[in-house]
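Student: Spelled out from the first residue to the last, the chains are:
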Amino acid sequence: MPRFPDKIDLYDDRGKLIDTKVPLDAVSPLINPAIKKIISIIKRAVAVDLRGLERSLATGAVGGRGCIIRGRELKLDIVRNAPAIADKIEKLVRVKPGDDTEVKILRGGENLLVMVPSLRLEAGVEYTTAFTVVAAALCHVLIETFNISMWDYDMVHAAVWGRYPQSVDPMGACVSQLLAVPQQNEGMGYALRNIPAAHIAMITKRNAMNAAALAAILEQTAMYEMGDAIGPFERYQLLGLAYQGLNANNMVYDLVKENGKSGTLGDVVRSTVKRAVADKVIRPLKKLPSGYVLYTTDDLSLWNAYAAAGLLAGTMVTCGAARAMQHVTSVLVYFNDLIEREAGLPGVDFGRAEGTGIEMSFFSHSIYGGGNPCVFHGNHIVTRHSKGFVIPCVAAAVALDAGTVYYSPERLSGVVGEVLSEVPELREPLKYVGDAASKIKGEV
Amino acid sequence: MSEYKPQFYPGSSLIAQNRRKYLDLKYQLRRLRSISDEDIVRLLGHRAPGEAYKTVHPPLEEMGEPDCPIRKLVEPTPGAKAGDRIRYVQFTDSVYFAPLHPVIRCWVYHNRWRGVDPGSLSGRTPLEGRERDIELISKDLLETELFDPARSAVRGASVHGHALRLDENGLMFDMQRRYKYDPEKGEVVYVKDQTGKPLDKPIYVGKPLPEEELKKITTIFRADYISLRDDSELMEFVQRLHWLRTMAGANPELVKGV
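So the sequences go chain by chain: A and B.
Last residue of the first sequence: 444 in this note's numbering, with the numbers rising by one and none dropped.
Last residue of the second sequence: 258 in this note's numbering, with the numbers rising by one and none dropped.
Hints listed in this document are in silico derivations from the structure and should not be mistaken for laboratory results.
Some clues are possibly wrong.
What the hints assert, rightly or not - With a straight-line cut-off of 20 Å between C-alpha atoms, the simulated PhoX-like cross-links for lysine-lysine are: (1) A:Lys257 with B:Lys81; (2) A:Lys286 with B:Lys256; (3) B:Lys26 with A:Lys274; (4) B:Lys139 with A:Lys287; (5) B:Lys26 with A:Lys261; (6) B:Lys5 with A:Lys274; (7) A:Lys16 with B:Lys72; (8) A:Lys21 with A:Lys431; (9) A:Lys286 with A:Lys16; (10) A:Lys431 with A:Lys36; (11) A:Lys261 with B:Lys81; (12) B:Lys5 with A:Lys286; (13) A:Lys439 with A:Lys37; (14) B:Lys185 with B:Lys201; (15) A:Lys257 with B:Lys72; (16) A:Lys287 with B:Lys256; (17) A:Lys280 with B:Lys5; (18) A:Lys261 with B:Lys72; (19) A:Lys439 with A:Lys36; (20) A:Lys104 with A:Lys88; (21) A:Lys16 with A:Lys431; (22) A:Lys431 with B:Lys72; (23) B:Lys180 with B:Lys201; (24) B:Lys256 with A:Lys280; (25) B:Lys5 with A:Lys287; (26) B:Lys216 with B:Lys21; (27) A:Lys205 with B:Lys72.
Only chain A is shown next, with the shape it has when bound in the complex:
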């Protein structure tokens, strides 16, 4: 028996119908098997930069920028030995035959994607298990494969783990995980929010719909961990995930299609309100003396989901027209200003998305320093305040950029984004989450 009365139609990134009348519960991170798998992969997936490791040992440049230890260079043929290294890592990491351990060799041995078995994560409480297990295993494998002297073990450790434990994070390591170390999370439950938009855009291969979907899945799943999706707020957050992140009722796609050729952000605002009126989500409350009609709703959570879908569509239309990511903050502020004045109802996340946009605009337009939208995430000090409705827009904006920034997502994301884009569920979440919801719709 579904917990929520809502039914949604699910569409993919190209506006193709996946299934109709899917219960909202079927896209809940607590239930949807594909979302659970995505979260599991994120906890278990580790990228290894073998080319970087080889270069680092060959030059003595270990432990992050500016650290080079002359005279301690090790010339090892690591990339060429990638198959043997991958094989040995798999043996060390695997717990028992048939478990979900996986090691993939990518780009002719330059990178490895290691999926640590779930059994290892279940035996501990921290998601850092994946990183520590792979880093330690890689050290052992290198020592064994290249018969390294005991007096050079320290260099191997520094090249693999980076400056850790002298630094809080593994600075300059050749092993990386999508999640940051727990000490870098702003508060309880923030882990899934600590993934920069650059990674999300690269993992989804710059497909704006999938970038927004992946960001929304991570953000809204985090809401469950943060205590923000409980009681009346659970449906509020879930509707947001469905309509903004998962293109429920094809709303995001339709709004972009309607306004993509010649529409402005203001046009997307009015299309959103028009659709909310047509779908009876909002209705006229009273006419004011000027003739202005105030609208009201009996379902603020659904209105918020419509507005959030409009916000994402507005981002796509504006950043898409300019093929530039920096416009996203302006969209976050003024879409909300305009929709509040168009309907007389609160904007996305009852003002928090707009507030987040104001802060982010100062920190992404060189007013108070900061950086381009690539570096922002839901754990960032200036973008953490909206509960999951802003980062999908930022990720979509980054995906749509044609190359206007100096620090591009390719440059910032590096090996992690490239390696994790090999995982289909992460690369095309709309399809996988939609299909999974369709399969379980009779069971929830």
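Knowing the structure of chain A, use the given hints to seat chain B on it.
Tutor: Coordinates of chain B only, in the frame set by chain A:
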């Protein structure tokens, strides 16, 4: 009342009506002056007139784009298509009955032009975008009733002065002295570009409007003219929004039919 019609902005005062008017694309902005394309380019100061646009990436057609359905749906602006750099124009508006002011500027920009990135600060409104797009928009902004030569100004740097008293000709104080009043022509003339670099030829931007005229077209509420508190409809609206935001934050289910 059941059929939805775009309404842009509430309020029954003249200020609210003006705001509504400028936000509505169906309202044709009055063109009050003509400034040549070359003068716009010189005033912005990003490139020399006739100079080719510098690019930040190859034209989209040459570079090819990722397989993204949204890129297929959204038409890039001419500047984005060509790979232009991101450039800006920045305005400041006097608190004394200027046609626009920062927040309203941003609303107007987002309603009337595509692919724009404006931001409102206390006394200045930068607008960023692709270079050739910015030039076209600047022309509209300078030639229409949205600009008054005395009470609005193009200032890329050292912007402030919008809240200071006006000089004897009704012009805003500008520490860079980018423009002055030409008593012979009765027009305001820019002698420096928006960042304060001297121009080789002056740029005339037209005659300032009389204050009585400005009072009819301004979007600024003032305690000594039309106060926000005089517009009870707008006051009710603003208070309602604050209340609904607060109530929704406490519990979204509380907001039902109010």
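Student: Is Lys5 (chain B) close enough to Lys287 (chain A), meaning Cα to Cα at most 20 Å?
Tutor: The hint holds at about 13 Å.
Student: Checking one constraint from the list: CA of Lys216 (chain B) to CA of Lys21 (chain B), max 20 Å. Satisfied?
Tutor: Satisfied, since the Cα-Cα distance of roughly 12 Å is no more than 20 Å.
Student: Does Lys287 (chain A) sit within 20 Å of Lys139 (chain B), going by the straight-line distance between their CA atoms?
Tutor: Outside the cut-off at roughly 38 Å; violated.
Student: Mind checking the alpha carbons of Lys261 (chain A) and Lys72 (chain B) for me, to see if they're no more than 20 Å apart?
Tutor: 10 Å, holds
Student: Measure nothing beyond the straight line between the CA atoms of Lys286 (chain A) and Lys256 (chain B); if it is 20 Å or shorter, mark the hint as holding.
Tutor: Cα-Cα ~15 Å, so holds.
Student: Would you check the hint for Lys5 (chain B) and Lys274 (chain A), treating anything up to 20 Å between C-alpha atoms as holding?
Tutor: Holds: Lys5 (chain B) and Lys274 (chain A) sit about 8 Å apart, inside 20 Å.
Student: If you draw a straight line from the CA of Lys261 (chain A) to the CA of Lys81 (chain B), is it 20 Å or shorter?
Tutor: 13 Å, holds
Student: Check the hint pairing Lys21 (chain A) with Lys431 (chain A) against an upper bound of 20 Å on the C-alpha distance.
Tutor: Holds - the C-alpha atoms of Lys431 (chain A) and Lys21 (chain A) are around 16 Å apart, at most 20 Å.
Student: Assess, step by step, whether the Cα of Lys431 (chain A) is no farther than 20 Å from the Cα of Lys72 (chain B), and give holds or violated.
Tutor: The hint holds at about 19 Å.
Student: Would the pair Lys257 (chain A) and Lys72 (chain B) pass a check requiring their Cα atoms to be no farther apart than 20 Å?
Tutor: 9 Å, holds
Student: Between Lys180 (chain B) and Lys201 (chain B), does the CA-CA distance stay at or below 20 Å?
Tutor: 14 Å, holds
Student: Holds or violated: are the alpha carbons of Lys257 (chain A) and Lys81 (chain B) at most 20 Å from each other?
Tutor: 19 Å, holds
Going down the numbered hints, you'll see the structure goes against 4, 9, while the others check out.
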